[in-house]
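**Student:** Sequence:
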Amino acid sequence: MKIFGTDGIRGKANVFPLVGDLAYKLGRALVYALDSQKNKKKKIIIGKDTRISGYMLESAITSGIVSMGADAYLVGPMPTPAIAFLVKSMRADAGVVISASHNPFDDNGIKIFSHEGIKIPVELEDLIESYTLSDTLDNIKFLGANIGKVYRIRDTLGRYIVFAKNVFPYNLELDGIRIVIDCANGATYKVAPMVFEELGAEVIVINNEPNGININEKCGSTYPNNIIEKTTLFRADVGIAFDGDGDRVIMVDENGKLIDGDAILSILAIGLKNKGKLKNNTVVGTIMSNFGLEHILKQNGILLERVDVGDKYIIQKMIEKGYNLGGEPSGHVVLSDFNTTGDGIITALAVLSIMVEKSVKLSSLFQSFIKVPEKTKNVHVSKKINLDEIDEIQQAIEHVKDKLNGQGRLVVRYSGTEPVVRITIESKDINIINDGIGLISKTIEKHLS
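In full-length UniProt numbering, the protein residues as written are 1 to 449.
Hints should not be assumed to be uniformly reliable.
Result set (BS3-like, lysine-lysine): computed pairs, CA atoms no more than 30 Å apart in a straight line [as the list claims (entries may be wrong)]:
#1 Lys88 with Lys40
#2 Lys371 with Lys277
#3 Lys371 with Lys317
#4 Lys277 with Lys321
#5 Lys12 with Lys2
#6 Lys218 with Lys298
#7 Lys165 with Lys40
#8 Lys401 with Lys384
#9 Lys298 with Lys12
#10 Lys377 with Lys358
#11 Lys141 with Lys43
#12 Lys41 with Lys149
#13 Lys149 with Lys273
#14 Lys218 with Lys275
#15 Lys141 with Lys257
#16 Lys383 with Lys446
#17 Lys190 with Lys141
#18 Lys298 with Lys88
#19 Lys2 with Lys377
#20 Lys2 with Lys141
#21 Lys298 with Lys275
Pair ranges (Cβ atoms, derived) [said to hold, decoys possible]:
#22 Asn171 with Asn405: 27 to 37 Å
#23 His399 with Lys321: 29 to 39 Å
#24 Asp388 with Glu202: 31 to 41 Å
#25 Thr232 with Asn431: 51 to 61 Å
#26 Glu357 with Gln395: 46 to 56 Å
#27 Glu202 with Met90: 48 to 58 Å
I should point out that these hints are in silico values taken from the structure, not numbers from a laboratory. Note that beta-carbon positions come from the ideal geometry of N, C-alpha and C, so glycine has one too.
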């Protein structure tokens, strides 16, 4: 049985594996798996987003951690990238984030950062999983003064604000710039407005009143129409929308035009290259990155290296090759000069710093970015069978590829975190897109729904 997926553990809250007793065992397993130095008391930071189920899972995993003699440091609702930063700055042994990112409120998840602030490797996940699902640790008990302690850290918000502001050049400011921020009723609801206000911007905040069940509810980066509408309504210079845990961001220019992750990558890549700071003149994207991104990067002498979908694959490639910029169309952007994981606030600040430095409107930074028309459809499935093993699905895929005739792209893949197959087609011919999506989705529904 596998409980770890492509982004930690993810599922319905209070349904296996996101239940209290397993979270308790996971906390114990984490400490034991980390305990290479037997005499050193472990220090583990725990953060979460604003889901109602976060209290349950936080309590359970904390109990497991301290029962194994480690100390737990609770920081409350904070963006996922803030936990990655805090793990390093506080010299912790690991960080735990309780979040299901952009998913609905009734989902939750658990992901683990190493002491370096990056997601733990698969080998360590497998070890933790094996301890969690077995009785190996049942007889290991820490008694008396050897039991760990729990600390609630009160100044983490301030620490992260200082860190984030340091990304923005000291000689620049956001005075006179009106920004609408959509916090998705999630983990950025406190920290994001404070960062941009302290840099001098006029900030209008929406969806910053979490109640435990409204995270990502028709708001945030997964509902771009919301931030587009509000940016236009308030005549703002910039719109910024985060997802529930703050590792993704999308932006909107002064004309109400959406700037997705691919467009953001193009702005940052060209900006870094012009300063001689883009390492190896290469950006890491994924198989889902739009061809429009590849085209504009090529025009500017920049290579796009593609990996499988998922920030961990992007980060792995960046570490392996020494690159410092990567990301996904969803707005998950990694600027490794500043943080070790996707960070929506840092990404937005990096874009704004280019805008302010050039004294231009946001629209002018990506006007040469032309996105190839694309459409994505999620097909819900009741089971995940290797698509290569179903002949009729493969025939449908090959039929669409023939229609594209090398003048577009087709990606059909299972989501790593949801029970869906994602179909994406890029083509200048809208009929090919619509017909192809229709054919493949109906064929998948016939066999898997």
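**Student:** Give a verdict on every hint.
**Tutor:** So, going through the hints one by one against the coordinates:
no. : hint                           : in the structure
1   : Lys88 with Lys40               : holds (17 Å)
2   : Lys371 with Lys277             : holds (25 Å)
3   : Lys371 with Lys317             : holds (25 Å)
4   : Lys277 with Lys321             : holds (15 Å)
5   : Lys12 with Lys2                : holds (15 Å)
6   : Lys218 with Lys298             : violated (36 Å)
7   : Lys165 with Lys40              : violated (34 Å)
8   : Lys401 with Lys384             : holds (23 Å)
9   : Lys298 with Lys12              : violated (42 Å)
10  : Lys377 with Lys358             : violated (38 Å)
11  : Lys141 with Lys43              : holds (18 Å)
12  : Lys41 with Lys149              : holds (10 Å)
13  : Lys149 with Lys273             : violated (47 Å)
14  : Lys218 with Lys275             : violated (38 Å)
15  : Lys141 with Lys257             : violated (58 Å)
16  : Lys383 with Lys446             : holds (12 Å)
17  : Lys190 with Lys141             : violated (39 Å)
18  : Lys298 with Lys88              : violated (35 Å)
19  : Lys2 with Lys377               : holds (27 Å)
20  : Lys2 with Lys141               : holds (26 Å)
21  : Lys298 with Lys275             : holds (17 Å)
22  : Asn171 with Asn405: 27 to 37 Å : violated (52 Å)
23  : His399 with Lys321: 29 to 39 Å : holds (36 Å)
24  : Asp388 with Glu202: 31 to 41 Å : violated (53 Å)
25  : Thr232 with Asn431: 51 to 61 Å : violated (31 Å)
26  : Glu357 with Gln395: 46 to 56 Å : holds (53 Å)
27  : Glu202 with Met90: 48 to 58 Å  : violated (33 Å)
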